[in-house]
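Residue numbers (the working numbering), protein chains in the order written: chain A, 3 to 328; chain B, 648 to 770.
Please keep in mind that the hints were generated in silico from the structure rather than gathered at the bench. C-beta atoms are modelled at their ideal positions from N, C-alpha and C, and glycine is treated no differently. Check each hint, because a few of them may be wrong.
As the list claims (entries may be wrong) - Straight-line alpha carbon distances no greater than 27 Å define the calculated DSS-like cross-link-like pairs of lysine-lysine that follow:
#1 A:K66 x B:K695
#2 A:K301 x A:K66
#3 B:K695 x A:K315
#4 A:K306 x B:K691
#5 A:K306 x B:K673
#6 A:K287 x A:K306
#7 A:K52 x A:K12
#8 B:K691 x A:K66
#9 B:K691 x A:K301
#10 A:K287 x B:K695
#11 A:K301 x A:K287
#12 B:K717 x B:K691
#13 B:K695 x A:K62
#14 A:K315 x A:K287
#15 B:K695 x A:K301
#16 B:K691 x A:K62
#17 B:K673 x B:K749
#18 B:K673 x A:K301
#19 B:K695 x B:K673
#20 A:K315 x A:K301
#21 A:K287 x A:K62
#22 A:K62 x A:K315
#23 A:K287 x B:K673
Stated by the list, open to error - Restraint-style ranges between C-beta atoms, simulated for each label pair:
#24 B:A758 x A:M3: 42 to 48 Å
#25 B:R770 x A:A94: 51 to 57 Å
#26 A:P33 x B:A758: 27 to 33 Å
#27 A:G198 x B:A758: 36 to 42 Å
Unchecked claim - Which chain B residues face chain A? A few, computed with CB under 7 Å, are given here:
#28 D668
#29 M689
#30 A693
#31 A694
#32 A698
#33 T701
#34 P707
#35 N709
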Amino acid sequence: MTTIRYANDKFELEPNESVLECLTNHGVPVPFSCRSGVCQTCLMRATGGKLPETSQQGLKDSLKLQNYFLACVCYPDADLEVALPDDKDVQAVIPATVLSLKLLNAEIMHVELVCHEPIDYRAGQFINLFQHQTLGRSYSLASVPHEDDHLHLHVRRLPQGRVSGWIHDELRPGETVEIRGPGGDCFYIPGNNDQGLILIGTGSGLAPLYGIIRDALSQGHTGPIHLFHGSRDLNGLYLTGELRDLVNQYSNFNYVPCLSGEDVPHGYVAGRAHDVAFQQIPNLKNWRLFLCGHPDMVKTAKMKAFLAGASMKDIYADAFNVSKSS
Amino acid sequence: MSEQSLYEQLGGEAAVNAAVDIFYRKVLSDDRISAFFEDVDMEKQAAKQKAFLTMAFGGPHNYTGLDMRKGHAHLVARGLNDSHVDAVIEDLGATLRELGVKEELIAQVAAIAESTRNDVLDR
Numbered sequence: 003m004t005t006i007r008y009a010n011d012k013f014e015l016e017p018n019e020s021v022l023e024c025l026t027n028h029g030v031p032v033p034f035s036c037r038s039g040v041c042q043t044c045l046m047r048a049t050g051g052k053l054p055e056t057s058q059q060g061l062k063d064s065l066k067l068q069n070y071f072l073a074c075v076c077y078p079d080a081d082l083e084v085a086l087p088d089d090k091d092v093q094a095v096i097p098a099t100v101l102s103l104k105l106l107n108a109e110i111m112h113v114e115l116v117c118h119e120p121i122d123y124r125a126g127q128f129i130n131l132f133q134h135q136t137l138g139r140s141y142s143l144a145s146v147p148h149e150d151d152h153l154h155l156h157v158r159r160l161p162q163g164r165v166s167g168w169i170h171d172e173l174r175p176g177e178t179v180e181i182r183g184p185g186g187d188c189f190y191i192p193g194n195n196d197q198g199l200i201l202i203g204t205g206s207g208l209a210p211l212y213g214i215i216r217d218a219l220s221q222g223h224t225g226p227i228h229l230f231h232g233s234r235d236l237n238g239l240y241l242t243g244e245l246r247d248l249v250n251q252y253s254n255f256n257y258v259p260c261l262s263g264e265d266v267p268h269g270y271v272a273g274r275a276h277d278v279a280f281q282q283i284p285n286l287k288n289w290r291l292f293l294c295g296h297p298d299m300v301k302t303a304k305m306k307a308f309l310a311g312a313s314m315k316d317i318y319a320d321a322f323n324v325s326k327s328s
Numbered sequence: 648m649s650e651q652s653l654y655e656q657l658g659g660e661a662a663v664n665a666a667v668d669i670f671y672r673k674v675l676s677d678d679r680i681s682a683f684f685e686d687v688d689m690e691k692q693a694a695k696q697k698a699f700l701t702m703a704f705g706g707p708h709n710y711t712g713l714d715m716r717k718g719h720a721h722l723v724a725r726g727l728n729d730s731h732v733d734a735v736i737e738d739l740g741a742t743l744r745e746l747g748v749k750e751e752l753i754a755q756v757a758a759i760a761e762s763t764r765n766d767v768l769d770r
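Turn these sequences into a full structure, and let the hints guide you.
Take a look at the structure:
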């Protein structure tokens with residue numbers, strides 16, 4: 003008998019019954035619509051057990067790798083532990099100790115964390131960092147699992163930002179915080195090594211992109227990799243030295259720092275990052291895109307990239323939405 | 648005569664996958680209807696387009712007239728009318744033409760899409 007475990011319950015799967023039917027028959031409120039594996043409304047995540055391949059058909063690769071599946075077409079042969087995608091209990095809280103804090107520019111703090119338990123993540127995903135039990139914020143990971151020993155975050159100080167203000171002003175090396183994660187599907191997927199990559203970020207949107215770039219390069223990506231990092235003025239850019247070192251080290255990596263303000267010194271390109279990117283590379287057919295940072299930029303760039311020929315499945319985005327309570 | 652279903656003749660799920668980006672791009676660039684798509688989540692919308700194309704291609708679906716009504720009620724309130732449905736069906740035909748689908752099959756797809764018109768417009 004195959005058992006489906008959900009939250010604290012265990013249900014026995016009837017013959018020819020899908021995971022969706024099993025759960026909804028027992029009163030679990032799983033949203034669904036087409037019941038034929040197309041609409042993806044019944045997206046769930048396996049937290050234990052092995053998924054049948056057909057239950058992941060049509061999902062984005064990044065979701066497949068995180069064990070997401072479609073409950074309506076999932077007929078497992080063995081026991082499965084499942085959760086809804088937004089179930090908070092999917093991930094346990096992990097304590098992490100602050101190893102170092104270093105300003106990258108006037109408003110962005112590099113935070114290095116040592117996790118007390120191993121955390122399985124991909125460069126470009128985010129974690130939630132908690133100031134206390136009910137106050138947490140999402141921060142993207144700039145570190146790369148097989149390259150860096152610890153977690154790296156770029157925390158931008160927001161006006162009246164409660165958590166970012168606390169990180170900048172009060173948090174000290176040696177202190178231990180709680181994190182939960184990882185989450186997000188904006189990361190590099192190996193394969194298709196010669197595909198061109200375009201990464202566009204504003205402000206601390208560079209954090210996930212810096213991880214993704216180094217991840218792709220270390221996994222032997224041979225296609226061109228173009229990074230467009232944008233800010234209003236020079237003070238908003240950071241890691242420029244590290245990025246120029248990468249340019250010298252890898253012939254397929256190109257770094258374009260963009261300034262949207264009036265003062266644009268030699269070596270920088272005038273204009274907003276996404277405008278510059280789409281001007282330099284107007285036809286985006288077959289390119290893979292990563293868009294991170296300001297929500298308006300991400301939204302506009304997503305639409306423009308798609309209309310310029312990029313396939314929807316090749317556009318990875320992470321909009322940095324600011325919490326309403328700051 | 649072929650005994651294959653319309654969905655099979657079109658190429659099944661692979662055909663839907665080939666069509667979805669082209670179709671969605673046409674819809675977004677179509678000035679007659681693009682305003683209705685301004686503030687939608689593109690990922691979710693692409694998934695909906697895929698479900699719609701699967702249905703219009705004669706594939707497996709669970710669409711009901713009621714779903715169609717509920718799903719478009721907010722757009723009808725914003726002025727969605729016959730001319731917009733015409734535009735979508737036109738864009739659908741143009742997508743299939745671009746993919747080299749035969750006119751007789753395009754007509755069948757258009758007829759399925761056409762059959763949802765009254766539900767979409769809630770009348």
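Verification of the supplied hints:
no.	hint	verdict
1	A:K66 x B:K695	holds (20 Å)
2	A:K301 x A:K66	holds (24 Å)
3	B:K695 x A:K315	holds (14 Å)
4	A:K306 x B:K691	holds (17 Å)
5	A:K306 x B:K673	holds (13 Å)
6	A:K287 x A:K306	holds (12 Å)
7	A:K52 x A:K12	holds (17 Å)
8	B:K691 x A:K66	holds (17 Å)
9	B:K691 x A:K301	holds (14 Å)
10	A:K287 x B:K695	holds (22 Å)
11	A:K301 x A:K287	holds (19 Å)
12	B:K717 x B:K691	holds (16 Å)
13	B:K695 x A:K62	holds (15 Å)
14	A:K315 x A:K287	holds (12 Å)
15	B:K695 x A:K301	holds (18 Å)
16	B:K691 x A:K62	holds (13 Å)
17	B:K673 x B:K749	holds (19 Å)
18	B:K673 x A:K301	holds (18 Å)
19	B:K695 x B:K673	holds (15 Å)
20	A:K315 x A:K301	holds (15 Å)
21	A:K287 x A:K62	holds (18 Å)
22	A:K62 x A:K315	holds (7 Å)
23	A:K287 x B:K673	holds (15 Å)
24	B:A758 x A:M3: 42 to 48 Å	holds (47 Å)
25	B:R770 x A:A94: 51 to 57 Å	holds (52 Å)
26	A:P33 x B:A758: 27 to 33 Å	holds (31 Å)
27	A:G198 x B:A758: 36 to 42 Å	holds (41 Å)
28	D668	holds (5 Å)
29	M689	holds (6 Å)
30	A693	holds (5 Å)
31	A694	holds (5 Å)
32	A698	holds (4 Å)
33	T701	holds (5 Å)
34	P707	holds (4 Å)
35	N709	holds (5 Å)
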